[in-house]
Amino acid sequence: MSVNLTIGKAINAGLRRAMEADPKVLVMGEDVGRLGGVFRVTDQLHKDFGADRVIDTPLAESGIVGTAIGLALRGYRPVCEIQFDGFFFPATNQSFTQLAKMRRRSAGALSVPVVLRIPYGGGIGAVEHHSESPEAYFAHTAGLRVVTVANAVDAYWMIQQAITSQDPVVFFEPKRRYYDKADVDTDASPDSALPMGAARVARPGTDATLLAYGPMVKTALQAAEADTDHSLEVVDLRSISPVDYATVEESVRRTGRLVITHEAPVSGGVGGEIAARITESCFYHLEAPVIRVGAFDTPYPQSRLEEHYLPDLDRILDGVDRAFTY
Amino acid sequence: MSDNTAHGEPELVQLLTPDGELIDHPDYPLEIGPEDIRGLYRDLVLVRRVDTEAVALQRQGELGLWASLLGQEAAQIGSARALRPQDTAFPSYREHGVAWVRGVEPKALLGMWRGVSNGGWDPAQHGLQLYTIVIGSQTLHATGYAMGVQRDGATGEDGSAVIVYFGDGATSQGDTSEAFNFAAVNNAPVVFFLQNNQWAISEPPERQARVPLYRRAAGFGFPGVRIDGNDVFASLAVTRKAMQQAREGQGPMLIEAFTYRMGAHTTNDDPTRYRVAAELEEWKAKDPILRLRAHIQQQGLGDDDFFTEVENEADRLGERLRSECRSLPDPDPLDIFHEVYAEPNTQLDLQRAEFADYLASFEDAGAEGGR
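Protein chains in written order, with the numbering used here: chain S, 1 to 326; chain E, 1001 to 1371.
Just chain S, same shape as in the assembly (with noise of 0.2 Å):
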């Protein structure tokens, strides 16, 4: 049965099905119970599943984390809600030093299954610690995954990918897209989903390769569209950590050039990464640079400026056109 749904709902409904199909499914986070999160994810689980599996924790991100990791060890597979991007950080020692290294301390002896869902990024009007974009951290953490999504097909699919993944999983959610709908096939085989670390060609194209995750797909693809002198491609990336690298480099390869767009700054930022790696690996095929079109490297402005601060269809296009220069 195909569904018409925003990226919130077809979580929510991919959050279900995976705790549905498996009773040591979990959901926990602050006001995930009763009021379904502030975002409304985890709507009507509470009232379906009960308190033990929809538990409404304590306000503190480190015990979040850092309980879900005991629950894990214990054989549950908990599925954390972190409120937003920019409180992540009191948790960022129970998910660095212990989450990502319980693998491999124990020389694989355990698994801490724990997805942590953090609804991140710009473009909503928030107040300060709303709207950041923190991925690089967590791509910088051997052990973790780290994926995202730009639509609700991938939104139902990769929440249940990120669930029955034996990784810790960083899922992060474009909270500026929650409202975004697409149809999407509930009733399909997990199989016919594409896998959690595959990047997907969202709009074929020859001259260029445009890169993005996240909230920026969709901005991306604005930017081919507007632009009717060249034909962009545009890649969606979806996992941060791993990058499907075959993918963007079998893009690049046939293009000749590549731009790399996110919300979070540029300086060690994940687009950086990429660009030296494929400036590596397809040296020769390259017509131009790798440029990179992302934040400054400034705090999240006040949110009276926000549309200045993140990449838009000009400024991506703008760096397109400085991949055409070359």
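Everything labelled a hint here was simulated from the structure, so no lab data went into it. Here a beta-carbon is modelled for each residue, glycine too, at the ideal position from N, C-alpha and C. Among the hints, erroneous ones may be present.
Over 12 Å on every C-beta distance to chain S, these chain E residues come out as not near it, computed from the model [stated by the list, open to error]:
#1 Asp-1036
#2 Gly-1061
#3 Leu-1070
#4 His-1265
#5 Asp-1270
#6 Ile-1289
#7 Gly-1302
#8 Asp-1364
Not the full set, but computed from the structure, chain E residues with beta-carbon under 7 Å of chain S [said to hold, decoys possible]:
#9 Gly-1119
#10 Val-1134
#11 Ser-1137
#12 Leu-1140
#13 Met-1147
#14 Phe-1182
#15 Ala-1342
#16 Asn-1345
#17 Asp-1349
Assemble the complex: chain S is given as a structure, and chain E must be docked to it using the hints.
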């Protein structure tokens, strides 16, 4: 000294005096036979020997570092002997006595300190999770695990509970407070076993806290008790009761074992820079092994042959540990890449392949006579 600072010494639960006298406690009856008493003595002596040998091995360059448990044997052995096979313990990094009781091979304890492993034993097999270096992190893991025990319906009179070990320094960490709160709110079957060994590296209790540490529990809504941490009987009896209450649904409890770290924090530390010799002398008089020995002698529970036999066993154990330590193999270089992820990771696979080729290039060079 007033009772309202962390440094004060409010009344503590003691069943065995430093002179070896037994004291009845109305709340914590000691149910133990002569054989078990001799067993506790054996545990104390042997685990102290493991510790002494490990310190020596570090001095000889065989271990990179070691955290000595000297002085804390009674707290660890007593509490760990209170556990059932189905219980799970979460240690910090000094719980060699707990590991001993949980059946972990002494040589396995050395792996992390020698640098040949990050862990060294199978947590499921021993009901003992791996050592945790980042202070206090394991208090939350234990609490979450206990919430899992609850959800499994594995509690009850014959069920299981969870115990977590941490030190006085860990009580200053936010994670420990969060663990207390999560455990209380969920009424989780977890016992918090705090070994207050008086020194968080160089920081004394009055630099860590304004109130006695066992009183933290009251603020979170569960009981806290301070015990004589050098009294193996008190540690055993109080932990038994706390574990039983936890598994029967009465929620968490905090046990503060008031003890003393007689050695350095780790082999890198120099306690003469921050504490006076008189303090050490004072605590030597409270030695956990000497007082149990006195009790056994006074009660006629063991003769000279018994003590000699335990001493001989310790010698044999020490000898075995020295040779086992030296024969622990270095890991394979490609082990760097193992078990980082459960699932395929093309990025890492590529790095591993490149590094394997790089290593192999040296072998090829050797075969060709080198450069």
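Now the hints, each set against the structure:
1. Taking the minimum C-beta to C-beta distance to chain S, about 30 Å, the non-interface status of E:Asp-1036 holds against the 12 Å cut.
2. A cut-off of 12 Å between C-beta atoms confirms that E:Gly-1061 is not in contact with chain S; the least separation is 24 Å.
3. No Cβ of chain S approaches the Cβ of E:Leu-1070 within 12 Å, the least distance being about 26 Å, so the stated non-interface status holds.
4. Under the 12 Å C-beta cut-off, the non-interface status given to E:His-1265 relative to chain S holds; the minimum distance is some 20 Å.
5. The beta carbon of E:Asp-1270 sits about 27 Å from the closest Cβ of chain S, which is more than 12 Å, so the claim that it is off the interface holds.
6. Once the 12 Å rule is applied to beta carbons, E:Ile-1289 is consistent with being away from chain S; the minimum gap is 32 Å.
7. For E:Gly-1302, the requirement that its beta carbon stay farther than 12 Å from each beta carbon of chain S is met, with the minimum near 39 Å.
8. Every C-beta of chain S lies more than 12 Å from that of E:Asp-1364, the closest at about 24 Å, which supports listing it as non-interface.
9. Hint status for E:Gly-1119: holds, given a least beta-carbon distance of 5 Å to chain S, under 7 Å.
10. Annotation: interface hint on E:Val-1134 holds; nearest CB of chain S at approximately 5 Å, less than 7 Å.
11. Checking E:Ser-1137 against chain S by beta carbon gives a least distance of about 5 Å; that is within 7 Å, so the hint holds.
12. With 7 Å as the threshold, the beta carbon of E:Leu-1140 comes within range of chain S, its nearest partner Cβ sitting at about 3 Å, so the hint holds.
13. A cut of 7 Å between beta carbons decides the hint on E:Met-1147: the least distance to chain S is about 6 Å, and the hint holds.
14. For E:Phe-1182, the suggested interface contact is upheld, since its CB lies about 5 Å from the closest CB of chain S, less than 7 Å.
15. Checking E:Ala-1342 against chain S: minimum C-beta separation of about 3 Å stays under 7 Å; hint holds.
16. Satisfaction of the interface hint for E:Asn-1345 is found here, the shortest Cβ-Cβ separation to chain S being roughly 5 Å, below the 7 Å cut-off.
17. With 7 Å as the threshold, the beta carbon of E:Asp-1349 stays out of range of chain S, its nearest partner Cβ sitting at about 9 Å, so the hint is violated.
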